[in-house]
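Oh and the sequence shown: position 249 is 249 in the working numbering, straight run, nothing missing.
Hints may contain errors.
[What the hints assert, rightly or not] Computed list of lysine-lysine pairs in DSS-like fashion (alpha-carbon distance at most 25 Å, straight line):
| hint | residue 1 | residue 2 |
| --- | --- | --- |
| 1 | 50 | 335 |
| 2 | 224 | 213 |
| 3 | 322 | 255 |
| 4 | 365 | 317 |
| 5 | 273 | 236 |
| 6 | 204 | 315 |
| 7 | 321 | 252 |
| 8 | 317 | 335 |
| 9 | 213 | 249 |
| 10 | 255 | 213 |
| 11 | 182 | 219 |
| 12 | 133 | 224 |
| 13 | 236 | 249 |
| 14 | 224 | 50 |
| 15 | 322 | 335 |
| 16 | 204 | 273 |
| 17 | 144 | 322 |
| 18 | 365 | 335 |
| 19 | 335 | 315 |
| 20 | 224 | 182 |
| 21 | 315 | 48 |
| 22 | 50 | 273 |
| 23 | 226 | 249 |
| 24 | 249 | 224 |
| 25 | 190 | 226 |
| 26 | 182 | 226 |
[Unchecked claim] The following label-pair restraints were derived from C-beta to C-beta distances:
| hint | residue 1 | residue 2 | range |
| --- | --- | --- | --- |
| 27 | 319 | 415 | 55 to 61 Å |
| 28 | 400 | 47 | 35 to 41 Å |
| 29 | 217 | 320 | 33 to 39 Å |
| 30 | 204 | 100 | 19 to 25 Å |
| 31 | 387 | 320 | 41 to 47 Å |
| 32 | 103 | 74 | 30 to 36 Å |
| 33 | 273 | 98 | 57 to 63 Å |
| 34 | 130 | 295 | 41 to 47 Å |
| 35 | 319 | 383 | 25 to 31 Å |
| 36 | 294 | 440 | 41 to 47 Å |
| 37 | 414 | 295 | 35 to 41 Å |
| 38 | 440 | 295 | 20 to 26 Å |
| 39 | 290 | 190 | 28 to 34 Å |
| 40 | 227 | 190 | 33 to 39 Å |
Hints were generated in silico from the structure; no laboratory data involved.
Just so it is clear, CB atoms sit at the ideal spot from N, CA and C, and this is done for glycine as well.
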Amino acid sequence: MPRPRLSRSRLMAVGAVVVASTAAVAVSTTAGAFGPKQQAQHAIKDGKAKNVILLIGDGMGDSEITLARDYTVGAAGRLNMDKFPLTGAYTTYAVHADGTPDYVTDSAASGTGWATGVKTVNGRISKTPGTDKAVPTILELAQKGGYATGSVSTAELTDATPAVLASHATDRSCQGPADMAKCPTDTISKGGPGSIAEQSVNHKVDVLLGGGKQRFDQKVTDGKYKGLTVTEQAQKLGYQVVTDDRSLKAVKGDKPVLGLFAPGNVPTEWTGKPAALGGTDPQRCLTSNPNRPAGTPDLADQTTKAIQLLEAKQKHKNGNKKGFFLQVEGASIDKQDHSADPCGQIGETAAFDRAVKVARAYAAKHPDTLVVTTADHGHTSQIVPLEAQPPGLTSTLITDEGQQLKVNYSTNTPGQSQEHTGVQVRIAAQGPQAYRVLGVTDQTDLFTTVREALRLR
Numbered sequence: 001m002p003r004p005r006l007s008r009s010r011l012m013a014v015g016a017v018v019v020a021s022t023a024a025v026a027v028s029t030t031a032g033a034f035g036p037k038q039q040a041q042h043a044i045k046d047g048k049a050k051n052v053i054l055l056i057g058d059g060m061g062d063s064e065i066t067l068a069r070d071y072t073v074g075a076a077g078r079l080n081m082d083k084f085p086l087t088g089a090y091t092t093y094a095v096h097a098d099g100t101p102d103y104v105t106d107s108a109a110s111g112t113g114w115a116t117g118v119k120t121v122n123g124r125i126s127k128t129p130g131t132d133k134a135v136p137t138i139l140e141l142a143q144k145g146g147y148a149t150g151s152v153s154t155a156e157l158t159d160a161t162p163a164v165l166a167s168h169a170t171d172r173s174c175q176g177p178a179d180m181a182k183c184p185t186d187t188i189s190k191g192g193p194g195s196i197a198e199q200s201v202n203h204k205v206d207v208l209l210g211g212g213k214q215r216f217d218q219k220v221t222d223g224k225y226k227g228l229t230v231t232e233q234a235q236k237l238g239y240q241v242v243t244d245d246r247s248l249k250a251v252k253g254d255k256p257v258l259g260l261f262a263p264g265n266v267p268t269e270w271t272g273k274p275a276a277l278g279g280t281d282p283q284r285c286l287t288s289n290p291n292r293p294a295g296t297p298d299l300a301d302q303t304t305k306a307i308q309l310l311e312a313k314q315k316h317k318n319g320n321k322k323g324f325f326l327q328v329e330g331a332s333i334d335k336q337d338h339s340a341d342p343c344g345q346i347g348e349t350a351a352f353d354r355a356v357k358v359a360r361a362y363a364a365k366h367p368d369t370l371v372v373t374t375a376d377h378g379h380t381s382q383i384v385p386l387e388a389q390p391p392g393l394t395s396t397l398i399t400d401e402g403q404q405l406k407v408n409y410s411t412n413t414p415g416q417s418q419e420h421t422g423v424q425v426r427i428a429a430q431g432p433q434a435y436r437v438l439g440v441t442d443q444t445d446l447f448t449t450v451r452e453a454l455r456l457r
């Protein structure tokens, strides 16, 4: 039998349903955070971004996200990072000096990938894999394009992930003037740019917030600032230096800001018993770490202040014609994973997720902002059945749902640091050019996404 013909009005109705269904697939619901119009704005396929906020959960693979979700909001709950309208995955491998794949990356090589669009060898900071030549970074391009720039981290500001934006080093260990053993040609005495700390302030990044005061307290050994500490060098370059929550809140955005909130990495927010051979007794995490000094700003507060400072800076620099580029790193998800410490790890993931909430709230009011959240590499923690007796270290947690959850760490022998994994990781986005994260891409494609969003040469 021939099919009955639909009237024009019915055809239009069917078409409307198809379009609506397609839009619903392309722009997933965000748990009531945005209406349909705002959802569409947050999933712009094309267009230029005024601002970019890039959030990096160091070592935050799908296992780490799931663990934090299960513990804090429940298996059926959703974190802020789960509510992005567009989600994909990207590959993270590094390369050897000859360009062949090195399947498990470290944070230096992975960060170099998105910062420069070029893959490199593990341990290298924004330099080529074979010839050890500096490659322009996305932050440097943003500066040249007239954008305000910032970097926030819970690690030392000289650690790999913040370092890839504003420095070029043969080895990630060359953090301060006294740490240059593996970077002889990078020293100022050899005509190089100096340590990561020296380069970071010489770049005059508008906002630098994190740990690592011990690196900036080292004295410069050569060049114009010889005999001064790197902090004093920063002050000579016009930086306002802040060291706690009170001074951070008071600082203004007319001059660059250097925030140093810990001698090394910023202490974790949560604590608990680390995983052990044979497991631990079921435990609840302590959400107030007694070893975290009072007055230490959390990552969400730092992100909020960084955005305020960058907005003020862009108005001062270019009359609000250009916006800003900001990278925010939740660094100790990785570091606590290395230590097989599930409570420390979950607490840092939760803190990072609150920073994601800050970024998305800003983008809700400024839809010309591209927000991207991702990780640099996968890590070791795995949720396993309670009855399982896997090798390695385990810990049993009691979640907010009152259930027991068992976590295993077994990528290295007990007593050794747990290792990264080579798995692809999540990338999610909203705003101009956000569609570029869909499907399976590579870490280097993130460089292109940000460059295209800001229309950088």
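Results for each hint:
1. 50 to 335: violated (33 Å)
2. 224 to 213: holds (21 Å)
3. 322 to 255: holds (17 Å)
4. 365 to 317: holds (22 Å)
5. 273 to 236: The hint is violated at about 44 Å.
6. 204 to 315: Holds, because 17 Å separates the two Cα atoms, which is no more than 25 Å.
7. 321 to 252: Roughly 20 Å separates the two Cα atoms, so the pair holds.
8. 317 to 335: violated (37 Å)
9. 213 to 249: Satisfied, since the Cα-Cα distance of roughly 19 Å is no more than 25 Å.
10. 255 to 213: holds (20 Å)
11. 182 to 219: At roughly 18 Å apart (the allowed maximum being 25 Å), residue 219 and residue 182 satisfy the hint.
12. 133 to 224: holds (24 Å)
13. 236 to 249: The given pair, whose Cα atoms are some 22 Å apart, holds under the 25 Å limit.
14. 224 to 50: violated (36 Å)
15. 322 to 335: Violated, at about 36 Å.
16. 204 to 273: At roughly 41 Å apart (the allowed maximum being 25 Å), residue 273 and residue 204 break the hint.
17. 144 to 322: holds (12 Å)
18. 365 to 335: Outside the cut-off at roughly 34 Å; violated.
19. 335 to 315: violated (37 Å)
20. 224 to 182: With Cα atoms ~23 Å apart, residue 224 and residue 182 stay inside 25 Å; holds.
21. 315 to 48: Status holds; Cα separation ~19 Å.
22. 50 to 273: With a Cα-Cα distance of about 44 Å, the restraint between residue 50 and residue 273 is violated, given a limit of 25 Å.
23. 226 to 249: violated (32 Å)
24. 249 to 224: Violated, at roughly 32 Å.
25. 190 to 226: holds (14 Å)
26. 182 to 226: Holds: residue 182 and residue 226 sit about 21 Å apart, inside 25 Å.
27. 319 to 415: 55 to 61 Å: Given about 58 Å between the Cβ atoms, the range holds.
28. 400 to 47: 35 to 41 Å: holds (40 Å)
29. 217 to 320: 33 to 39 Å: Because 36 Å falls inside the window, the suggested range holds.
30. 204 to 100: 19 to 25 Å: violated (37 Å)
31. 387 to 320: 41 to 47 Å: Since the Cβ atoms of residue 387 and residue 320 sit about 60 Å apart, the hinted range of 41 to 47 Å is violated.
32. 103 to 74: 30 to 36 Å: Holds, at about 34 Å.
33. 273 to 98: 57 to 63 Å: Because 45 Å falls outside the window, the suggested range is violated.
34. 130 to 295: 41 to 47 Å: holds (46 Å)
35. 319 to 383: 25 to 31 Å: Check failed, 51 Å falls outside 25 to 31 Å.
36. 294 to 440: 41 to 47 Å: holds (45 Å)
37. 414 to 295: 35 to 41 Å: holds (36 Å)
38. 440 to 295: 20 to 26 Å: violated (43 Å)
39. 290 to 190: 28 to 34 Å: violated (45 Å)
40. 227 to 190: 33 to 39 Å: Violated, at about 19 Å.
Consistency with the previously given hints fails for numbers 1, 5, 8, 14, 15, 16, 18, 19, 22, 23, 24, 30, 31, 33, 35, 38, 39 and 40, ordered from lowest to highest.
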